[in-house]
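Chemist: Below, each chain spelled out in residue letters.
Number of protein chains: 2
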Amino acid sequence: MLHKIINLTVRDVRFPTSLEQHGSDAMHSDPDYSAAYVVLDTDCGLKGFGLTFTLGKGTEIVVCAVKALAGLVVGKSLQEIVSNFRGFYRLLTSDGQMRWLGPEKGVIHLATAAVLNAVWDLWARAEGKPLWKLLVDMDPKRIVSCIDFRYITDVLTEDEALDILVKAQEGRQQREDQMLKEGYPAYTTSCAWLGYPDQQLKQLCTDALKSGWTKFKVKVGADLEDDVRRCRLIRQMIGPNNTLRWDVDEAISWVSKLAEVKPLWIEEPTSPDDILGHATIAKALAPLGIGVATGEQCHNRVMFKQLLQASALQFVQIDSCRLGSVNENLAVLLMAHKFQVPVCPHAGGVGLCELVQHLILFDYICVSANLSNRMCEYVDHLHEHFANPVVIQDAHYMPPKDPGYSCEMLESSVKRHQFPEGDVWKLHQNK
Amino acid sequence: MLHKIINLTVRDVRFPTSLEQHGSDAMHSDPDYSAAYVVLDTDCGLKGFGLTFTLGKGTEIVVCAVKALAGLVVGKSLQEIVSNFRGFYRLLTSDGQMRWLGPEKGVIHLATAAVLNAVWDLWARAEGKPLWKLLVDMDPKRIVSCIDFRYITDVLTEDEALDILVKAQEGRQQREDQMLKEGYPAYTTSCAWLGYPDQQLKQLCTDALKSGWTKFKVKVGADLEDDVRRCRLIRQMIGPNNTLRWDVDEAISWVSKLAEVKPLWIEEPTSPDDILGHATIAKALAPLGIGVATGEQCHNRVMFKQLLQASALQFVQIDSCRLGSVNENLAVLLMAHKFQVPVCPHAGGVGLCELVQHLILFDYICVSANLSNRMCEYVDHLHEHFANPVVIQDAHYMPPKDPGYSCEMLESSVKRHQFPEGDVWKLHQNK
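Quick mapping for you: the protein sequence lines, in order, are chains F and X.
The opening position of the first sequence corresponds to residue 62 in the working numbering, with each subsequent residue numbered one higher.
The opening position of the second sequence corresponds to residue 62 in the working numbering, with each subsequent residue numbered one higher.
Worth flagging that the hints you see were computed from the coordinates, not collected in a lab.
A couple of the hints might just be wrong.
No copy is singled out in the list; a pair is fine if it fits within one copy or between any two copies.
Here are the simulated lysine-lysine pairs, DSS-like style, with alpha carbons at most 30 Å apart [unchecked claim]: (1) K399 with K344; (2) K242 with K202; (3) K202 with K323; (4) K137 with K487; (5) K399 with K190; (6) K399 with K228; (7) K128 with K476; (8) K462 with K263; (9) K137 with K108.
For reference, chain F alone in the conformation it holds in the complex (with noise of 0.2 Å):
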């Protein structure tokens, strides 16, 4: 079967999630998490289902790029793209008339990633396995032919990339034994958002420590004194030994007012942009034991190598819906590996959490054999809407057993949340 696509369609889904502060930090006072959300249709029936994540209002900017690509994949089969998926991954990005409006960042990239995102996914499905088994099981000649190595060659070549990878094949049967039987270690973000009251914060924390979380992430920067308050008192809730960390928008100042709490590392401290500020910052928190993350906000593998360059980051935060999809993010794990640089995925949203675990797994069986100082973020919203939603035990995500990349949301809350003209909307809007 060649899996034909012969039809692909785009719908702005957005969750009302601002009515209950969930999401809220000093950026972000009210988002409504929200997805641009592809279906790939083939000529034998088999979907493939891809999204982007977005904060609400824009969705529709994202939906109105996805399809100015469509033209680019409707008509092609499957094995089409994967037998030259860097080629495919160039077609997106380097179209001479679209790259204007990039190049590989922002609107245009976010819909990139929706669309290889469920290209991804079709092939998963094809094939009848997880994401990330497909990669786990795969050539690594034919991994390192999905990347594309324009502008970061200077950091990692073709052979440096495949050097890593047949290298790590050593014990990575007992690894993905490890992972199946452990789970990839998590921490959550889910209690302690900026918006949330003191009672609500110290509630969650018992919760969240009951059923076995050990790692936080405080939301910060709105307020010092503020910071300081809810840090002492989530880490009074935690205790000694469990760790704290950090997202705020100021740095150095700010960050060593806080250095009493014993946060592991400061998030994006400023401008995603601004490569030699993180380093900076990075250096001056060195001696506070404090490290800098980012990269929730980097937006592509290009501004990731610089990062990697300039020990601007002692974390790297990949997204598995901002960078062009798995293509783009191997390069970055490879990158990451190559400077020895924990990567510590970005998750929560929408989906994300559901399609991130896939990356981080392959990460650790068959890049970083590594566990120290790593967990991938978690939050627990809006799992429900997925067909086949993550699965935590004991503060681990339990890798995915079901074919595809996870991406795949029910109908009915598709139905439901479609903006504007989905129920839970037009209810808002008679309010």
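Put chain X on the given structure of chain F with help from the hints.
Modeler: Then chain X, alone, in the frame of chain F:
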């Protein structure tokens, strides 16, 4: 009069330039020069016109993004906006939901530029001045109040910016008189697009020399042997004392081989996101006397800041439609001055010459006070569609005299070229 903005319209305007290979280079083989074109209506009848430049396909995405921003503009008065222009800039670029789509990059930032260009046009019209003169006459404090200094204070504080502007007041009147008399020096890109055959190239060079042009840009980067041949041909035509400039896609070795034809700079030799890569290339080419120029795809002030910090460029190529309008360009002009790197704007496309001439006039009169190694790109295309087209005399931009930012297009041109319903496009579809 308050000039309350009561309506915003945006249209997708495309010119079928790909049919004649105008604008062709190594990365953009078939551009249709296009624009998302914005008109603001006010309650007093005055209009503001703005645009951002695109390459054809995908312009509808930028149009969609402008519509998403419209709600932040319509209903406000011009006075309300310009009395806190920094705040308004942040409102557009930091919306809690939409900033995820950038922030300050790609489609959403191009749309921001189009909207803000229209606001600046409206402001200049309300004051009855061409935009450059509005800026030249503006109190330095007022100018500084238009700039968002977030993420650049490590290089340029508000006080430093003010200091630069105050210091440059000396000799301002003479420089303004000089500009009115002589105009601002330009160089031409019209002669040597990649897709032009040799005979056309020769004829265009001959004509240009006759009209007083002494500085030429050559598009290269597709085939090295072909490049060397084309460049020798042009160097033969223009003689040893005229300046030659470059666009290339690959870097050091390629350019080293072109050194014989003595280019002044090589333009955007690698990924526009690769600050450290540009720095490496700049260092390698310095002994050959070739500088690095970049900026037309540099997406915001934070990226320019780092290019300057890293000594990654010897010529700053600002763009009137990719950066966040005048506001963000002011920040870049001031940073470039601090680092003493000359600004040589990117122009061409649709309307880029019309707009950017205002910025470079302001730069000379009120910031740099220097013409050494400075010139503004010029391309002789599509000016006939503008209400106040640029005036070139003896290879110099003559300062515009009509009120506004020279963004207004002829309504008849807009109607004919609207995509896909304009006559020009209906015609192509029927062929």
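Chemist: Look at each hint and say if it fits the structure.
Modeler: Hints, verified against the model:
no.	hint	result
1	K399 with K344	both (20 Å within a copy, 25 Å between copies)
2	K242 with K202	within (28 Å within a copy, 65 Å between copies)
3	K202 with K323	neither (43 Å within a copy, 42 Å between copies)
4	K137 with K487	between (37 Å within a copy, 28 Å between copies)
5	K399 with K190	within (28 Å within a copy, 57 Å between copies)
6	K399 with K228	within (12 Å within a copy, 49 Å between copies)
7	K128 with K476	both (19 Å within a copy, 25 Å between copies)
8	K462 with K263	neither (35 Å within a copy, 65 Å between copies)
9	K137 with K108	within (14 Å within a copy, 47 Å between copies)
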